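**Q** Residue strings, one per chain:
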Amino acid sequence: MKKVWMMSALAAVMTVTAACGGGETETEEQSAETQAEESATTDEGSSDEEGTLSGEIAIDGSSTVFPIMEAVSEEYTKENPDVQAPVGVSGSGGGFEKFIAGETDLSNASRPMKEEEAAALEENGIEYIELPLAYDGLSVVVSQENDFIDSLTVDELKKIWVEGEAETWSDVRSEWPDEPIERFSPGTDSGTFDYFSEVILEEEDISKNAQLSEDDNVLVNGVIGSPNAIGYFGYAYYAENQDSLKAVPIDNGDGAVAPSEDTINDGTYEPLSRPIFTYVKVDSLKEDHVRDYVEFANDIAGEMALEVGYVNMPEEEYEKNQQKIEEAAGSAE
Amino acid sequence: MKAINDTTAQSYPKTQKRSSLSGREIKNKLFKSLFIGATAFSLLVLLVLLVQIFTQGIPYLNWNFFTSFPSRHAEEAGILSAFVGTIWMMAVTAPVSFVLGVGTAIYLEEYAKKNRFTQLIQMNISNLAGVPSIVFGLLGLTIFVRELALGRSVLAGGLTMSLLILPIIVVAAQEAIRAVPGELKEASFAMGATKWQTTYRIVLPAALPGILTGNILALSRAIGETAPLIMIGALTYVAFLPEGLLSQFTVMPIQIYNWTGRPQEEFHFVAAAGIMVLLVMLLLMNSVAVWIRNKFQKRF
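Taken in sequence, the protein lines are chains V and A. Read the first sequence against the UniProt record's numbering and you will find it ends at 333, with the numbers running on by one and no gaps. Read the second sequence against the UniProt record's numbering and you will find it ends at 300, with the numbers running on by one and no gaps.
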């Protein structure tokens, strides 16, 4: 009896899986067709008669920009529940790769587009506009236990981080202790590293002693743990850990300035304050729901930026963005 | 003779006892405590991890957590889309990998001639089981997402995951089939049964527990994987549920990874709550595997 039962169970499993397996290949074939149809229909028009918007928006790119875009999508879907605006995190470079392949409508980036990326887009005939959304002030931080650093000049920063320059703190300023410098830096794939490398290292190699991590919380903990440690990362990570971290004021010739919402917003915290962007495909702006989303994003980006730990830009920057959107949408029609 | 025997019999155990106290027994005790120490250490690490996750996560683990979409506010963030996305992906991965994996195993064990070619296949399957998962992600991106134009869909994700766990399933199923005693098969052949009849009626029922256990363990691995899905472009913020095989989706490990990377500490607690859900899910799957093995186990 038991054997019969077991065999029928097996048969059941086999038929079910066979059916599913069979079904899979069918749907696979259908899927290509339906997808083609789908994209055709979304292209034709994304609003129905009542004027409520619907459709999909493909957004991908930098993990730095993600919290802002997530907030924008969250707010947007509250008002337009039929629009699907999911956000992916492939990194600035990975996002551009998908943008170049024509797979995304919006590509978030924590650095400006590189020349070769722009060239690839041109080759594929994809037009785009660049919209800065907010500022991120890269914060150079030391532990609260560190009692000797009160500010750093850009040259000193370079000395600390470039390979083969300073070994100990006393190499940077002679009155500082003769202790080895412990460095914590974001990974070389990140836009944060790219930006730091450009403005501070001036494209020279970063010190081999630097500990690199893609996870900024690892950097935070590394710096907190030692009075001789120094690190840099986005302002949000400093703002959340002000009790245990000290932001080092940076002197770029006009006196030392510490990062704060005000100094980042008005541009006095430089050169480490950087804009973060989203790039929009001009063809996608033809679709009502994408244009509506992008305008909505531009309207609330500043407010959302502050909520998630970034800094808003001056109002005229957003007005400039709005003009860009209108021009691009006009040219697409 | 007798007297000599007696003396040796008496003195022999004595010397043995003395030497054991100084050497063998001490060694025995030493290694015993070493092994206990090793076990205790890993248990301790696990315990610390679990305690930390539970103390952080429990305040955030409420009904809202299961019924909400992700949010920029930690208190409002939920795992709904990731949870449902994981189940959707498994619904694709499980049948596809079962049919392909067990089919391959049956072919290799029962039908294929043992020649260079099958040896080559065998070797490649074992090698594939050790290929880093991100490579399967690249494969999935090229074949499913781009060539077959499935986009960043549940279907593409599920098929990529199937590829990832296929080698494990094939190897496990092969082992299970190989463990079926040869006499059973020979008896079946002697009765005039064909190869398929023998496979279907004798080999598969006997090997089923092993095959299913291997399957479920492989699926548990797929549930916890992130890298290949990020590669094919599975999303991080998803505020809708998949409606079909071509819907975009996210899964639990991606969501958890994103939460742990946030600067705000509250999100790390939300991540802990997510980890708890994932742990319970894995535990459930593994207990099903154990249950199946015990239920169907037959000794020959």
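Derived from the structure by calculation, the hints contain no laboratory data. The structure displayed is predicted, hence computed values, not measured ones. Just so you know, even glycine gets a beta-carbon here, dropped at the ideal spot from N, CA and C. Take these hints with a grain of salt, some might be off.
Derived contacts from chain V toward chain A, CB cut-off under 10 Å, selection only [what the hints assert, rightly or not]:
| id | residue |
| --- | --- |
| 1 | A58 |
| 2 | S63 |
| 3 | F66 |
| 4 | L212 |
| 5 | V220 |
| 6 | I224 |
| 7 | G225 |
| 8 | A247 |
| 9 | D251 |
| 10 | D254 |
| 11 | E317 |
| 12 | Y318 |
The following residues of chain V were derived to be distant from chain A, with all beta-carbon distances above 12 Å [what the hints assert, rightly or not]:
| id | residue |
| --- | --- |
| 13 | T77 |
| 14 | V87 |
| 15 | G91 |
| 16 | E130 |
| 17 | S174 |
| 18 | E179 |
| 19 | L201 |
| 20 | S207 |
| 21 | K286 |
**Q** Would you mind marking each hint as holding or not holding in the structure?
**A** Hint by hint, here is what the structure shows:
1. A58: holds (8 Å)
2. S63: OK, holds: S63 of chain V within 10 Å of chain A, min 7 Å.
3. F66: For F66 of chain V, the interface hint holds, since the closest Cβ of chain A sits about 7 Å away, which is under 10 Å.
4. L212: This interface hint is violated because 15 Å lies over the 10 Å limit.
5. V220: holds (8 Å)
6. I224: violated (13 Å)
7. G225: Status violated, d = 17 Å.
8. A247: violated (14 Å)
9. D251: Since chain A brings no Cβ nearer than about 26 Å to D251 of chain V, farther than 10 Å, the hint is violated.
10. D254: violated (29 Å)
11. E317: violated (22 Å)
12. Y318: At about 20 Å, which exceeds the 10 Å cut-off, the nearest Cβ of chain A leaves the hint on Y318 of chain V violated.
13. T77: Label violated. Min Cβ-Cβ 5 Å, cutoff 12 Å.
14. V87: violated (4 Å)
15. G91: At roughly 9 Å from the nearest Cβ of chain A, G91 of chain V sits no farther out than 12 Å, so the non-interface label is violated.
16. E130: holds (22 Å)
17. S174: holds (36 Å)
18. E179: Consistent with the label, E179 of chain V stays out of reach of chain A, its closest Cβ about 28 Å off (over 12 Å).
19. L201: For L201 of chain V, whose nearest Cβ neighbour in chain A is about 24 Å away, the distance exceeds 12 Å, so it holds.
20. S207: S207 of chain V clear of chain A: closest Cβ-Cβ about 25 Å, beyond 12 Å.
21. K286: The claim stands: K286 of chain V keeps its Cβ more than 12 Å from every Cβ of chain A (closest is about 20 Å).
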